[in-house]
Structures are given as C-alpha cells and as structure tokens.
Amino acid sequence: MSSTALAVSVLALLLAATLLTPLLAKLRLRRYAHLPAVLAFGTSAVLAMLMLNDVYVNGPAGPTPGLSLHVSADFPWISFHETKLPTTWFSAGLLNVTFSLGIDPLSAIMLATVTFVATWIAIFSAGYMHGEEGYARYFTIMSLFVLCMCLLVLANNFFLLLAGWEGVGLCSYLLVGYYYAKPSAAAAARKAFLMTRLGDVGFVLGIFLLWSVGGHHTDLTQIFAHIQAHPVNDFTLGLACLLLFCGAVGKSAQLPLYVWLPDAMEGPTPVSALIHAATMVTAGVYLLARCSPLFVQVPSVQAYVAITGGATALLAAFIALTQTDLKRVLAYSTVSQLGYMFMALGTAGAVTPSIAVAAAIFHLFTHAFFKALLFLGSGSVMHAMGNVIDMRRFGGLRTVLPVTHATFLIGCAALAGLPLLSGFWSKDQILDALDHAGEHGLTHRELYLGVFGVAVLTAGMTAFYTFRAYFLTFWGETRIPEEAGHHAHESPRIMCVPLIVLAVGALFVGALVEPLTHHGFSKFLSATPAIQQANKTYEREHNVRSQSQPHFNWLIAGLGTAAAVGGLGLAFAMYRKGQLAQLPAAAKPLHAMSLNKGYVDEIYHGLVVKPAEIAATGSRQFDGLVDAVARLVSYAPRMLAALLRPLQNGLVQFYALGMVLGLTAVVLVIVFKVSR
Amino acid sequence: MNLNTVLGLLLLVVLLAPLAAAALIAIGGRGRPGLTRRLAVYASALHLVLTIGMIALYSGFVTPDAQSEQNLSLNFQPKAVPGDPGATNGAETFTYSTSWKLVSLTPGETGPAVHFYVGLDGLNVLLVALTSLMFFFAVLVSWDTVRERAAAYYGWLFVLQTAVTGAFVSFDVLLFYVFFELTLIPAFFLIGQWGTGSARRDAARKFVLYTLFGSLFTLVGIIGVVLTNPIPLHPTSNQPFYYEPTHQAMAHARDQDGPYVPGRAGPITFSIPVLMKNVSMWDSMSHYSVLQAEGRLAKATPNLRADRERELADVREKQRERSTTQFWLFLALMAGFAVKIPIVPFHTWLPATYSEAPLAVTMIFSAVLAKLGTFGILRIVIPLVPEACVQYGLPWFGTLGAIGIVYAAFCAFAQRDLRLLAAYSSVSHLGFLVIGLFAMTPEGLSGALLHMVNHGLTAGAVFALLSFLARRYRTLDANQYGGLWAKYPVFTFLMIVIVLANVGLPGLNNFVSEMLMLGGLFDPRNVKIAGWGLALVAAFGVMLSSWYLFTMLKRVFFGPLIEPPTVGEADARPKDVTGREFVPLAALAALCLTLGLFPQPLLDVVSTDVRRVSELVNRARYRLDPSIAAAEAENKPPVQPIRIALPAPKR
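Chains S and R are the protein sequences, given in the same order. Numbered according to the numbering used here, the first sequence spans residues -17 to 658. Numbered according to the numbering used here, the second sequence spans residues 1061 to 1711.
Only true hints are included.
Derived contacts from chain R toward chain S, CB cut-off under 8 angstroms, selection only:
(1) Leu1576
(2) Ser1606
(3) Thr1611
Heads up, simulated DSSO-like pairs for lysine-lysine below, C-alpha to C-alpha not over 27 angstroms straight-line:
(4) R:Lys1547 to S:Lys164
(5) S:Lys579 to S:Lys559
(6) S:Lys8 to R:Lys1635
(7) R:Lys1359 to R:Lys1378
(8) S:Lys8 to R:Lys1547
(9) R:Lys1635 to S:Lys164
If you are wondering where the hints come from, they were derived from the structure by calculation, not from laboratory data. Remember, predicted model here, so these are calculated numbers, not experimental data. Here a beta-carbon is modelled for each residue, glycine too, at the ideal position from N, C-alpha and C.
Model the full assembly from the supplied sequences, consistent with the hints where possible.
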C-alpha cells in the first residue's frame, strides 16, 4: 500500500472504532467496548510504522489532491466499481477548502507516536476503567480523540487541520468532564474548552490572514510556496505567525493560557496520560514545527516564542515544586516540558531550523513515552489507593506496588534527564540549540543566552520536583489511606504490561533513534519538505550554510547532567523519609506562592472572569434601558394625542369658534395673496 | 409541458397548499383535537415531500447554466415562474418573467402593474426548503403542547407558512412586501392566543407594532426605489435602453467627445429583476456623464470653459442628488429588515416575544421569520441600492452587527431563563450574519446564505430541545436545573450536538458558513473600512458563544441532579426522549452533521446567483472607487456581464 492509502486507512479504522463502540453498548456488549478502540489503535500503530518505513524508503509522498479512494466491489445484489470521496469540503468565491492530506517525515513520526502511545493507554484503560458505568462512552470518545489527532497531523489544509484541532478540544472536554456529576470535573472541562477556544480565535484569524496574503490558498504547502515566491511584508507575516502562535499557546498550555491543563486531571487518569503525552497538547508544538517556513522569516516572533516557552517552563516548574497532588505535579511538569519544546522551536531561524525543529519534535517524541508512563503509573497508584492521589496521605508504596514503583522510577529518571535515558538526549539537544543560538545566533543573542540559563535552571527544578514526588510516594514507611481498604495491591496484568512497555521506551528509545543511529531521527525529520524550505529560507536570508546534524557538546551535556543530579540530590536529602520537609522561615512566602500556583487562577478570576460576568449582568440591565427607549418612542403618538385631546371637548361653541377662526385665517390668506 | 411549467405548478402548490390545509383544518378539525393534529402532521409531511421533490427537480434543472460564467446576467433570473410567457406554448424559451397581473396601475394593457411574480432561484430555494422542514418540525413539537382550540392554532400556523414562503419566492417588490406583512397577522394570533407566558397579549402587540413601525419605512423605501428607477428609454426611440458602460468604458469616459445623453425615464416597474437592471443603469449613466463632463472640461478651449464648468457642475449636482436619495432609501429599506432580524438595538421586541410565544412558534420565529430580514437585505437592499450598501453597509450595519454579537452574547450569559438565553444567542448569531451579508463578496454572501439555513436549523433545534424540558417541567429557569445528564442521556447527547453546532465546531454546519463569512471580511476591498476589526469581533463572538453555552451546559447538565417541579402528577416519572420527540431532534442533529461534512451541494446551488449579486456590487465598487477596478484588472481578466447591444448615443 502506498503511504497515502495507509494514512487513509488509519483514519478509516479510527472512524470505524468510533462508530462501532456505541453500537456495542446498544447491543448489550458493553463489556467488550474497549475492543474496537484497542484493535483500531494497535492496527493503526502498525500501519503508521509501515507508513514511516514507506516515507523513509520512498521519501515524502507529497500532498495528496484529496482523499480519493477507488473501491470496487461486487455483491450479488449490487456492484459498484469506483467510489470517489469528495475532494472538496467547501468552496465559494476564492475560499476553497479541500480534504487534502500531507505525508512526510514529520506527520509520519507524529502519527506513529500518537497511535503507539494511545494503544498502550487504551489497553491500560481497559483495566483501569473496568466496571465503570460509562465504559462504552469512554472508549467512543477516546477513539474520536485519536481520530481527530491523526487528522490534525495528517492534514495538509489549514481548515482540515483546524477540524482536527477543534476535535481534540471537544474530546478533551468530554473526557475531562467524564465524571459529569462531579462539579469540579464539570468546571475543569468547561475551563479547558474555553481556554483553548480563546487561543483558537487567534488561530482562525491567523489562518485567514495567511489565506489573504498567501494567494488565497488554504493548503499548507501551497501557502508556503506562494509566500516564498511572493514575499509578504514583515509586519503582516509576523502578525499572522503571532496569531497562529496564539492557537498553539491555547492548545499547548503556554503562558498565559496554561491554567486549564493542571485542572484537566479531573478526568480519568488514563485520559490525562492521553492528553499530556501524545494528543492535544502536542498539537501546538506540531503546528509551529509544521509552519516553520513561515516562522523562520520573522525572528522577532521567534524570540517571543522562545521567551514564552522559557517563562512557562520556569513558572510551571516553580509551581510543581510544592504541589502535594501527585497528578498535579505531573501536570505542571507537562506544562514545563512543553515550554522546553517551544524554547527549541523559538531558536529556528537563529540556528538552522531543521536542528531546532528536530530538537523540539525529538523531545515531544521521548516525552510522549515517559509522560504517558508517569501518568499511567500514577493511575496505578490511584487504583490501589482507592482514588486517593494526595501524596500526604500515602507513602512507602515501594513494596506494595513493585511493578508500578520500578516503572515510575524509570519515568522519573527520564523526565529528570538523567544521563543515557530518553529524556536526557532530547533535553540535551534543546539546550544545545539554545546555547548555539545564544553564542552564534544571528539575532537576539543575549535573549537566547538568557533563555538557555532558564532552561538549565528548569532542568534542575524538574529533577527536584520529580524525585520529590517519587520519594513522597514510594519511600519512607508504608502508609495507606483508608479509602483503599485492606486490599491495596499491585494492579492487574492488563495495566502492568503497558507500564513495562512504556518504561522500556522511556529507557531506550531516545538513545536508539539519535546517538546510536548517528542522529537518524534528526536527519529523517529534516527531510520534511516544509523543514527543508525553512532551511533554504534561513540560508538565503542569513547567507550561511545549514548545519546538517546536531553535534554532541560535552560541556552542555555536563551542565544538564549536573543540574539534574543536583536536583535529584536535593530531593533525596529533603524527602528520602517519604514525608514533607520543614522549610526555613525565609522560604515560607516563596513556598506559599508556589503552593497557591502563583495565584494565577485568582488573578485571572479577578481580571477576566469577574469583569466579564459583571459586564454580562450590566448588559442585561442595559437591555432594559434600550427597551425603555423603544417604549418611550411608542408613547410619542399617545402623548401627541393627549395634547390634542382637549380640543375635542364636545362644546358646540368651541367648535364654532374654531370654525370662525379657521375661516378667518383662510380668508386673510386669500386676500393677501390676491392683493399682492 | 416542459420542466419549467411543471416546476411553476409545483411552486404554486408549495406556496398555496398550506392555505388549503389551513382551511381544511379550521373547518374539519373544529372540536376534534386528535384528528386535527394528525391532519396537521400529514399535511406538513406531504408538503415537505413536495418541496423536496420540487427542489430535486430544480437542482437538476439549473446545473447546466451554472457553467456559463462568461455571460452572467446581473439580474435575478427566476426559474419555475408560473405564467412565464416564454414557456407556455411548449417552447423552451424563458423570459424569467410572468404575465399574471394582479393590479394594474393604469387601465391600459401595457402600463405598470403589480404581478403575481413568483419563482425559484439560488437565493431562495434553500430557504423554501428550510421553511417547509421547520414547519413540519414545529407541527411535531406542537403535538401535545397545544390542546386548546387546536384547529385554529394549526390553521394560523399554516397561514404563516404560506406568508413566509410567499415572501421568499416573490420577485415583485410589492408582492414581497404583502407577504412580508402578511406574516404579522398569524404571528399576532399565535403569540397572543396560544402563548405560554402571562404577558402574551402585550408581547403580541409589541411584536406587531414594533415590526410594523419598521416595515412601514421599508414600504416607503420600496416605493421610493420604484419611483426613482423607472425603465430607461433610449433618448430618441421608445425602446428600453440598457447600454450600460463597462468599467473599461468608464475608464475611457474622459476621452469621449460630445456630452453624454442619458436615457429617458420610461414606465415604472415592480419586478425586482428589472429594477436591478434599472438601478445599475441609472447609476452608471450618472457616473459616466460626470466622467465625460470632466473630460470635456479638461479638453475645453478657454472660451468654452465656463460652459463646460457649468455642465460639469450640473451633472455633479444630479449625481449627488441621486446618491443622497439612495442613502435615504437605503436607511428606509433597512428599517424594516433591521427590526425583523433583529439588529441590536432594534431587538427589544424579541425577548418578550420569544419568551411568551408557544415554543413551536418561537422555533419558527428564530428559524424562519428572522431570515425574512436577512433575506430582504440580500434580495431587496443590496440589489436595489448597491452604491449605498458599499458606502454605508459594512461601516454602519456591520458595526451594529459587531456590537450586536458581543452585546447579545453578554446578555445571553446573564440570562437565567433558558429561553431568553437562546433568544439572545440567536440575536448574537444574526449579527454575524449581517456582517457576512454586508461584506458583499462571493465568500461572504455564500456564507451568509448558508448561515441562514444553518442558523435556522441550529436555533430552531435549540427551541425544539427546550420544548422537551417545557413538556416535563414547569419552568425553564436554568438555576432550578442541574445534572440532567444522569437522567436524560439521549437528550443530553442531542443537546451537546446542537450546542457544538451553535458554537461552530468543525464538522458541524455552522463552522462552514462562519468560515465563509469570515473569509468575506478579509477581502482587501473591505479592509479599508475596518474589515479586519469586524473579523476580530466576529471570531471573538464565536468564542463568546461557547462561553455562555458551555456555562449553560455545565449548569444544567453537569453536577448533581436537580429538578424543578414536574408538569404532571408528582409520581409520574418523566422519561427520556420519546419516539415523537426523537424524530425532529435527531433529524436536526443529523442535518447539522451532514451539512457540516458535505456542504458543497448547497453552495453549488447558490453560487450562480450569489455571483450575480457580488458582481453587481463589484460594479458599484468600481464606480465609487476606480482604483479598485484598475487593481483588479491587473490580477484577473475583466468581467463582461453586459449583454445588451444598442449603440452608445452620441450627438
């Protein structure tokens, strides 16, 4: 099968799973509701690998003109030979939107990552969600979720991409609000949807701006080609990129729109794994990588991207330092790691774009493994602890949950970036890109150097809070909350196997695809036409040669390792007993600041939510005023009538007087007219 | 009998059958509510089938001439006109006009007359379908909510259906106006007699007076347009004179010798297609004469200068007079439509009406009656005063629309009554529609037209959903509800689908039309008048709609279960969606999904007529700003929509 056919069959499989699951529930086969999802994800993962191989061997398939399927089938009662799916979604005037897919290394890597990780999350969910009332609903939405994400990464049309983009937003809404009877889940779901939608306002406007300056194309490749051929002024392009970035900020939970992500853990824990690892939040990173040919042309926007990433990474890491909710720590670490990816993306244009983008996507790739692992691990903990997730209430679970403990430790080590694990390699590439931008970059050098400093600091903090969570959960004396009952035990095999698989990934996948294969990942990714184009633009604008592959810098690696080990050591010193440590008085305000999440939610509530609600109430009252004005106008005839009514008093004398006066007036007028 | 005749007959049936049904039900159904409602369902279902058949025939009929891009005439060419003189004797020549006279203004045969001129074209065909569909659903929704005097209720409902359909299919301005106003009478009785609220009589009176007040101005505007745009006659003969200078000719107007002699005023007409031509012709003549007078002044020898200056001042004065008249006519025409849609701040009749009327009627109001206003803009205002629309449409009414989007969204958020929330939400969405219309580009107009259908489906669906609650509980106060998901999963599912359609989620219908309308605002010719700002507000409005709707979802469907007192006995347990309720709700949800995924057939149906309007507007733009014509001539081949071949008169 060609890679296009593979991509189409992935989408078709996922769609089939989405439609089949509710059918199973209708047929009273709810117990088997996980099967369509698991099978579809698994098969999709295999197909995605085949596609990856096909792209590797044959090169990018290029944009397809549309999803055209040629089906021929003969049934006894009907025979049809060719069915062409429509290639146009909608088209009027100059706005033509097609179902066009683009298959290249970037989309192939994303597709493989998404489907692979999702498969194991689905298997884990089958155990975790067992016996839940909404079992079928859960797997239906999950299938739709993965379908939308795959559509997002495969789309070669901005509106098709937007469809996937909004689709994952919807699915996350439904999954976060899965426990609909829980008010906090309902609030978190609404918050997630609205926050990301706020970013999408910018995204949509950015798309239209690109459409209007990009020769009225909506296909990504055509827009890029048109803009390359007919350069757009910096202001317009910068504005368009900034607007696209707004969308990415919302979806990928960056400052100032990150606050929905930590709340989004109200959903079932495997959902968090899905949202945080493979789908949804990576969409923004993917978008910027995909649009790198545009972004490299506007260095000031790129600097802004890097700053946003740095600030988010630092703030989220700072908040994660003191959280006592295990999932919350992980959620903030996701925000922080996404910040890392944006830092890397922001260097594209200051350094060779392919290097910067490869660093970001590589980190996305490894992060998918260890973040999924950590969330599933915390789900396993929750499962055993009777849904308690507050780290103050349990501890010393090393012996109770041996498999979870071992895999969780691997995940922590990978997230902290301990040498030779997956996270180490990807983090090192990001640090390297930042350092390179700071030293040899062509613009904003000081700024990139500053961001580099932030990145190293964040690396240390990451190691600290990760291992703090690990020690608090697994070390010290065994404490089990009463909700768990007497049967706190290791999770069933269906949940442990995904943990082990992902742990193996977290251990080796980073080393396997980069250092052991001579930067095979980066080189493969660089073959993406869009990234190639970004490289060309970079070479032309700065009159330099592109760097072909990242180089391993011992100094940077050492610095990163030192930060990680330092953080780990500090965490060990403070939390090895598995209990919260006493803090010196001087650190108290800082501690409170971190514990209360920087008061950002409160600030937003005071600055945005409350005023909006007041404005709404005000509008409602003002509407009464508008109505009153309308009523006043309607009284005008009546008041006129009231003025004239006394004239009709029924007195014959009065009427006679009126007649005489009128007659006199008429006569006078006539007389004067004639006499003149 | 050729296809056009068949279609014409079908159209007559579709237009008048509801009247017959009304009579039948009013007479036969009195005192027999069971029979009445069954009859009503059968009648409206049959009507829907007929309408679908007619539209299927029609769409097969129009596809060929959608291709003829080159000689696109710039006036509407309705098909399926009953009484088309060209189609009566079996020959396939269409005159796109009718010989059915209603009222003759002069006793003679040829004088100006009001015709029974109805037909189908791309602009109204979808709305006719929407009307039939929504009335069918309204009848279903009324099934067990209307118990008193059911025969009269369904009778008035069907009269309303004829009035609305008539307004959509009219191609005679006065006929349009008659149908437009005819809607008020059944609406008045439906609200005042069968309303659910305590203030229903007040609401009915307010609705009728308010909209009547606005539409009287529209009548003045219509008469003004008719009087100021008679058929132009050739300066020397009595032939109709439609030599309209192309914009290339306009560009060379200054080089022409001899004073330009515009046509003479001929008889007046009420036919919208002819009026369009007339308006365009008079506008062009007035511009052309100014340009030529300027050219003559530039070439004048010193002793002729004073003469030429006087000549120029003269034509300029005439042109200014014409554009002033157009401006006032524009405002007058807009008055009625702005109230009917409604555009903020002329919306205050709406909350009262929507919350007092029976829910099925509210559904018709938001789904179909509001479209009369937007359709009026598309059919009457833009074609008949195009220059004023270019100058004042987007800056004035676009701005009002933008204000309306945000303002109504805020109002919607603060409402506790679900019905009022839906009412304001409807106003907010219609603001977007007005902006899309006044963008006056092919994208914006197609999007707006599609949005009329989409908004009809989604807004109608919201009220149909609310009737589900109204049938079970005594109140629609959102604060008395909570956690309905647990109790009514099917209802919740349908509600979420409709809410998602309302907030413009891709894959559902509103997304497509909203994107097209946004695209219309990014037209560089509109950028000058702050198109981007309006686009920003419009896009933000979409976000606001998810703000209030998702807050509503959270309040009513999530959280622990809270229920207000039920309608029936306390121990009668309300059930989830029943079969009869399921049909309209599921059909609407399915339509939303289908039109979201495959909207192109609809866009194909409207494309030719949308191009007519947008080209017409383009020519107005060229006249007002020649630099646009010059810029466009560089980018694409010039349009050549003129088909009349009389020689340019020179003296």
